[in-house]
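**Student:** The lines below spell out each chain.
Protein chains: 2
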Amino acid sequence: MQVTSLTSRRSFIRSLTATTLGGTALALSGCGGSSRGSRPKKGPVIQKGGTILFQGDSITDAGRDRRSEGNANSTNALGKGYVYSIATQLLAEKAGDELKIYNRGISGNKVFQLADRWDKDCLDIKPDVLSILIGVNDIWHSLNGNYNGTVAKYEEDYRALLKRTVKALPNVKLVICEPFVLRCGAVNDKWFPEFDQYRAVAKKMSAEFNSLFVPFQGMFDDAVKKAPPAHWAGDGVHPSMAGAYLMGQEWLKVAGI
Amino acid sequence: MQVTSLTSRRSFIRSLTATTLGGTALALSGCGGSSRGSRPKKGPVIQKGGTILFQGDSITDAGRDRRSEGNANSTNALGKGYVYSIATQLLAEKAGDELKIYNRGISGNKVFQLADRWDKDCLDIKPDVLSILIGVNDIWHSLNGNYNGTVAKYEEDYRALLKRTVKALPNVKLVICEPFVLRCGAVNDKWFPEFDQYRAVAKKMSAEFNSLFVPFQGMFDDAVKKAPPAHWAGDGVHPSMAGAYLMGQEWLKVAGI
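First to last, the protein sequences are chains A and B.
Counting from 1, one number per residue, gives the positions in the first sequence under our numbering.
Counting from 1, one number per residue, gives the positions in the second sequence under our numbering.
Treat the hints as calculated values from the structure; they're not laboratory data.
Take the hints with a grain of salt, since some may be wrong.
All copies of an identical chain are treated as equivalent in the list; a pair is satisfied when it fits inside any one copy or across any two copies.
[Stated by the list, open to error] Under the rule of at most 30 Å between Cα atoms (straight-line distance), these lysine-lysine pairs were calculated in the BS3-like manner:
| id | residue 1 | residue 2 |
| --- | --- | --- |
| 1 | Lys190 | Lys253 |
| 2 | Lys167 | Lys253 |
| 3 | Lys120 | Lys48 |
| 4 | Lys253 | Lys126 |
| 5 | Lys225 | Lys48 |
| 6 | Lys48 | Lys253 |
| 7 | Lys225 | Lys100 |
| 8 | Lys225 | Lys94 |
| 9 | Lys226 | Lys126 |
| 10 | Lys100 | Lys226 |
| 11 | Lys100 | Lys190 |
| 12 | Lys253 | Lys225 |
| 13 | Lys48 | Lys226 |
| 14 | Lys253 | Lys226 |
| 15 | Lys94 | Lys253 |
| 16 | Lys100 | Lys253 |
| 17 | Lys253 | Lys163 |
| 18 | Lys163 | Lys48 |
| 19 | Lys190 | Lys167 |
| 20 | Lys153 | Lys120 |
Throw the hints in and build the complete structure from the sequences for me.
**Tutor:** Structure (structure tokens):
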């Protein structure tokens, strides 16, 4: 039964990610004309005793309790989204590794807002692994008139943030997550093709900074063949439990877990 | 990398459960002198459109929001323990199956307290799959003088509850979870050997009612070879994130997922 179960899971994951693996492989091999080729890109991402920090917006935040954010591996501080899914699995499967996992996502954040709090909420934590998922608000808040953003500004802000990061933390292993949406809820035709350009910027940043890249959009594009978009994210932006689980599995796969 | 990753996970799970699989296999084969052999015991536990109900005490409850307990698959209503871990994975991997998952565990409950609320919190929900984890408070509250319980009373109450359940829901698929403790926190030598007798009763009930049996104690006995007991349950009773994840994986494996 064990073998059957794992075979089934492998088939499921393979079917979900068949089209996204290409993107992952590219990122892992460091293609893309890196301008910062001296940064580490080989070896296991998550190592014994490592500190792993997740940064981003509401998708990362996922209702975390900020009062306990200073405590590593705090159930409440990790929220109830993909970070929680990743953390539970890592803390179980790498039980003896004394990992320290933090979530500092904040709802509504755009790239410039990460920058505003980057010393306190990233550099001071000195992560060994830094995972970033940011971008959906950069376009969303612009579409609804609450922010004067553009793709070019997203790219400029994101590059500046990453430059600052690798300057302060030259050995940090970066995991850049692709912004994604599902075509339901708040997501309509007005988002496109501009949103694809935001996604492309995230991938470009990943190549420039020799980071791992988590191709969430392709993963969800495959997932909607199995269940409607709202099953994975009711409003098209914020993942459901099922969506968060998938994201966690994808992240772990890219990280080689 | 995919294959390596899954091989690694399989090895990990195998190493954790090597000693517990024997118990699982026994339960699945229906050994144990069942007195209710007419009940269904074959076929997939979780079927399309099925309603799955988790019942128990604080370990099941895990901080669930009772205000939304009437909504199937509600993130908040499922708590943040093993039920959540199981639900997220099921809702992702069986995305098209329209499962309805409920959590009605209540902190502090002993078997008789499940019975007190069984109509409302179980029979009225008409689950296709009913998972029960109960027993640790039956002994704990007796040890600390807050309940006048015995192993015999636990067995009597548990059998009565299950008889009532299968009478009202003759086709329900039962999953009986083994009570467990870890030797840390509130758990000291006073718990033994009596606690082992409570565990044996749960297994006996599983055999009598042709249920699946989830051998959590053996799973945790193996887990403590990888990290100290407190990594899995700080007080010896309530699982950490890592402990809850392991429980979810064990439950899913027994359910053939």
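**Student:** All hints, please: hold or fail.
**Tutor:** Checked hints:
In this homomeric assembly, Lys190 and Lys253 never come within 30 Å of each other (Cα to Cα): the closest approach is 32 Å inside a single copy and 44 Å across copies. Taking the closest pair of Cα atoms, Lys167 and Lys253 come within 30 Å of each other only inside a single copy of the chain (28 Å); across copies the shortest separation is 46 Å, beyond that limit. Taking CA atoms no more than 30 Å apart as the test, Lys120 paired with Lys48 passes inside one copy only; the shortest distance there is 24 Å, against 48 Å between copies. With identical chains, the CA atoms of Lys253 and Lys126 are at most 30 Å apart within one copy only, with a shortest distance of 24 Å there and 38 Å across copies.
For the homomeric pair Lys225 and Lys48, the shortest alpha-carbon distance between copies (17 Å) is at most 30 Å, but the shortest distance inside one copy (38 Å) is not. When the C-alpha separation of Lys48 and Lys253 is checked against a cutoff of 30 Å, the pair qualifies both within a copy, at 18 Å, and between copies, at 28 Å. When the C-alpha separation of Lys225 and Lys100 is checked against a cutoff of 30 Å, the pair qualifies only between copies, where the shortest distance is 20 Å, while the shortest distance within a copy is 36 Å. With identical chains, the CA atoms of Lys225 and Lys94 are at most 30 Å apart between copies only, with a shortest distance of 12 Å across copies and 33 Å within one.
Taking identical chains as interchangeable, the C-alpha atoms of Lys226 and Lys126 lie at most 30 Å apart only when they sit on different chains, with a minimum of 27 Å there against 40 Å within one chain. In this assembly of identical chains, Lys100 and Lys226 lie within 30 Å of each other by CA distance solely across copies; the values are 17 Å between and 35 Å within a copy. For the identical chains of this complex, Lys100 and Lys190 are neighbours neither inside a copy (40 Å) nor across copies (34 Å), given an alpha-carbon limit of 30 Å. For a Cα distance limit of 30 Å, the shortest separation of Lys253 from Lys225 qualifies both inside one copy, at 21 Å, and across copies, at 26 Å.
For the homomeric pair Lys48 and Lys226, the shortest alpha-carbon distance between copies (13 Å) is at most 30 Å, but the shortest distance inside one copy (37 Å) is not. In this assembly of identical chains, Lys253 and Lys226 lie within 30 Å of each other by CA distance both inside one copy and across copies; the values are 20 Å within and 22 Å between. Taking identical chains as interchangeable, the C-alpha atoms of Lys94 and Lys253 lie at most 30 Å apart whether they share a chain (15 Å) or sit on different chains (20 Å). Taking CA atoms no more than 30 Å apart as the test, Lys100 paired with Lys253 passes in both settings, with 19 Å inside one copy and 28 Å between copies.
Taking the closest pair of Cα atoms, Lys253 and Lys163 come within 30 Å of each other only inside a single copy of the chain (26 Å); across copies the shortest separation is 45 Å, beyond that limit. In this assembly of identical chains, Lys163 and Lys48 lie within 30 Å of each other by CA distance solely inside one copy; the values are 26 Å within and 50 Å between copies. Proximity of Lys190 to Lys167 under the C-alpha cut-off of 30 Å is found in neither arrangement, the shortest distances being 37 Å within a copy and 56 Å between copies. Proximity of Lys153 to Lys120 under the C-alpha cut-off of 30 Å is restricted to the intra-copy arrangement: shortest distance 23 Å within a copy versus 56 Å between copies.
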